[in-house]
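So the sequences go chain by chain: A and B. Take the position in the first sequence, starting the count at 1, then add 260; the result is the number in the numbering used here. Take the position in the second sequence, starting the count at 1, then add 1; the result is the number in the numbering used here.
Hints are all accurate, no fakes.
Cβ pair distances, simulated, as ranges:
(1) A:LYS346 with B:ASP213: 54 to 60 Å
(2) A:GLY373 with B:GLU108: 25 to 31 Å
(3) A:GLU389 with B:ASP200: 44 to 50 Å
(4) B:HIS47 with A:GLU389: 40 to 46 Å
(5) A:ASP365 with B:GLU285: 50 to 56 Å
(6) B:HIS47 with A:ASP363: 50 to 56 Å
(7) A:ASP363 with B:ARG277: 53 to 59 Å
(8) A:GLU386 with B:ALA212: 54 to 60 Å
(9) A:MET335 with B:GLU245: 47 to 53 Å
No farther apart than 20 Å at their CA atoms in a straight line, the calculated lysine to aspartate or glutamate pairs in the EDC-like style are these:
(10) A:LYS346 with B:ASP19
(11) A:LYS375 with A:GLU386
(12) B:LYS293 with B:GLU318
(13) B:LYS81 with B:GLU108
(14) A:LYS346 with B:ASP112
(15) B:LYS81 with B:ASP106
Sample of chain B residues lacking proximity to chain A, with all beta carbon distances greater than 10 Å (derived):
(16) GLY77
(17) ASP145
(18) GLY236
(19) LEU248
(20) ALA261
(21) ASP266
(22) ARG295
(23) ALA311
(24) THR317
Note that these hints are calculated values from the structure, not bench results. We put the beta carbon where it would ideally sit given N, CA and C, even for glycine.
Each chain, written out:
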Amino acid sequence: MPRGSPKAPPIRVLIAKPGLDGHDRGAKVVARALRDAGMEVIYAGLRQTPEAIVESAIEEDVDLIGLSILSGAHMVLFPRVLKLLKQREAADVPVFAGGIIPDEDAKRLRRAGVKAIFGPGASLTEIVETARSIARHRA
Amino acid sequence: MSRAPSLPPAARAVLDHDRRSLARLISQVENRDRRVEPVLRALYPHTGHARVIGIAGPLGVGKSSLVNALLRHLRGMGQKVGVIAIDPSSPFSGGSVLGDRIRIDREAGDDGVFFRSMASRGYAGGIASATREVARLLDAYGMDLVLVETVGSGQVDVEIRRVASTSVVVLVPHLGDEVQSLKAGLFEIADVFCVNKSDLPGADGAARYLADMASLSPEEGGRWRPPVVTTSAIGPQGIPELWEAVLSHERFLDSDGRRADGERDRVRAEIGDLVRERFDRRLEATLAEDPKLRALVDEVLRRRIDPHAAADRVFTEIARRA
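Pulled out of the complex, with its shape left as it was, chain B reads as follows (with noise of 0.2 Å):
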């Protein structure tokens, strides 16, 4: 009998290319569904061609634009590609505002693209998780390239690492003193910088800068020194140089057994991030159902034990119930 039949329907519908099964687990996995989850189990073994690419930096450097130029410079060579582009979720109302499909101009009903927006929804349990799954499903698909455009700040971008086999970072010339100060979270996470608007005075400064900068790095050891491309997203300009650069940091992955190296730690990562999540859900649990715990909690009050002591005893509960 071939594997087919025990499919459940919903992977079944991605493998065949429905866009509105594929959407609507999207969602499901955003929304931390668990009824997903046997999809996903059931895809995994349908996935591991397609590459993920990162495009991250700062607000308004022009991440959109340079993902519409690859866009459309990748549909030109024929690759099928799943854009992922996340935005911030208000901390207020939960809200956000999408607005990355603004910059995108395409083809009519071509079925070579998959572009989907996302909040970042807080980051409850990770950003870098739902991101992954979403690539996940959009490889099943059997899309070759997954470019995810972060949100443009701080943590997550730094997150893109744990998803992404190549990070591009993207800077503007104007950024100038300003570079320095990202070196800790940004300038560590590239494989490329792209120093985008290009027809910009400085782009040049900036693109000497950076890679001043990455020579300081030792070379020795194998170790990747990230080349840096100046980039006019609008124009647009140096587009298919910044893929080749992409390009030669995803070759040098492949010499060495590097890329083997470098899933075996994410693949270590998510199995982590999903054993934790498990406890979560059990802590959650225990914490709202537990009679013995509204003692507990009485007993810390009084004085009588101290909250260290009584994190013990929790723990020994969920782990005597896992």
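The following block holds chain A by itself, in its conformation from the complex (with noise of 0.2 Å):
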């Protein structure tokens, strides 16, 4: 923690939806929790290319990247993100997901590196406590 600063600087967490699907009600619900829970979100929307997250996460310097799905690719597009964060030296950023995700697609992703991944019924203290314990903790 910085000195001369009363408190930790709040986390930052990049929400956005990879891929073509157009329902981020979801995305919005948790980008206000967190928002609520004092981190600052940068909500990058629909529609977002893999390449164009990874950008957004190295622009604004997040601590959390939190990915919404419900298209059926997330096992094309989550590893996609997860590969790039590598090749960007930017691997240290956790990744976490929600959308609709089956057990088996998510224990694989969990082992590909995804920190933790969400489903219809989560409630939104757990996501947010989630995040808070997986977020990078800043030199």
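Using the hints, put the two standalone chains together into the complex.
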């Protein structure tokens, strides 16, 4: 924590929807909950390419990336984001995900490096607490 | 020996176009992390190239979309552009949703743009000082222009003048009579007026009204009369005209030494801000640590001395330590 600052700086989170589905209500609800928990949420919105998501994460220097997906393309898009993060030497930025993701896929995605995955039944409290615990800690 | 080896690594990284280092330094500036100070100092000689242009105006007038349209226009001309987009922090949770990125569509992998969202963070320590330092980092990184999109309300929007050489005030037709109420604040900071959403009815009327208002200010003494441009950011329409209006103000600044005068004022204000910041830190430390102060508070509570006398003693103490 920096000296001369009364409290720790807020956690910065990027919330984005990779791919083509057009439903961002869930992502907005999560963004709002994270905001109310005192985080700075960079809302990148709909139809983001993995490249754009990683670029945003780097420019915004976020501590965490939340991806929301309902289209079923998660097995393509999430690993692509992780790979690009690695390529850009930003693999220290953790990724969590939410959406319609079958258990079998969720297991594989966790193994690939997605830190947490939330389905439709997840509570906002649970999401906020997880986000806080997995967010990157600044030197 | 070249001066390069003496640069702190983080400063060298910015000059070498390392985006992640730039992004980290911006965070440190925002967090008022004092470790960034030597880096900013080392980079200062490498700044002074970029022009800072403010985009101010009320909530919902289309500032982000306008920034997007300007970005495309400027990239088309080969200009390298940094963007600082400021959104409000919640006074309750301290959190914020920074949503300006959703308006931006840009070429993948375009190194000539750096877009950064910033939360106002309750203006603690002055949003102006953080914005100024971030703009300077973007300048050192090699940007030709830095667009600063303000938060969309009151005081901060006026503060843009302390950072930008040209301020565009964006309005929309429907504001109608309310434009009057803007006179005291926003109206005064405009170097260029932009009536956005020109596809809405009433745009021409609003533009005429603003031009009339602007014409009331005296033209003698070579004073600048803000031009009025109508745009549709989504169209897009009027964007080259808007940029031409910005450039005409920049050219005006370049005549008769006006730019130097403006910069002199800004530097003076910045030095004042930095001294105040140091003083505040010293004061906080004194108030937090000094056991004598506890006794002082007790004396005030017992009505032995008054708060002004106590303040005099604290001030003398701090000045002595400085």
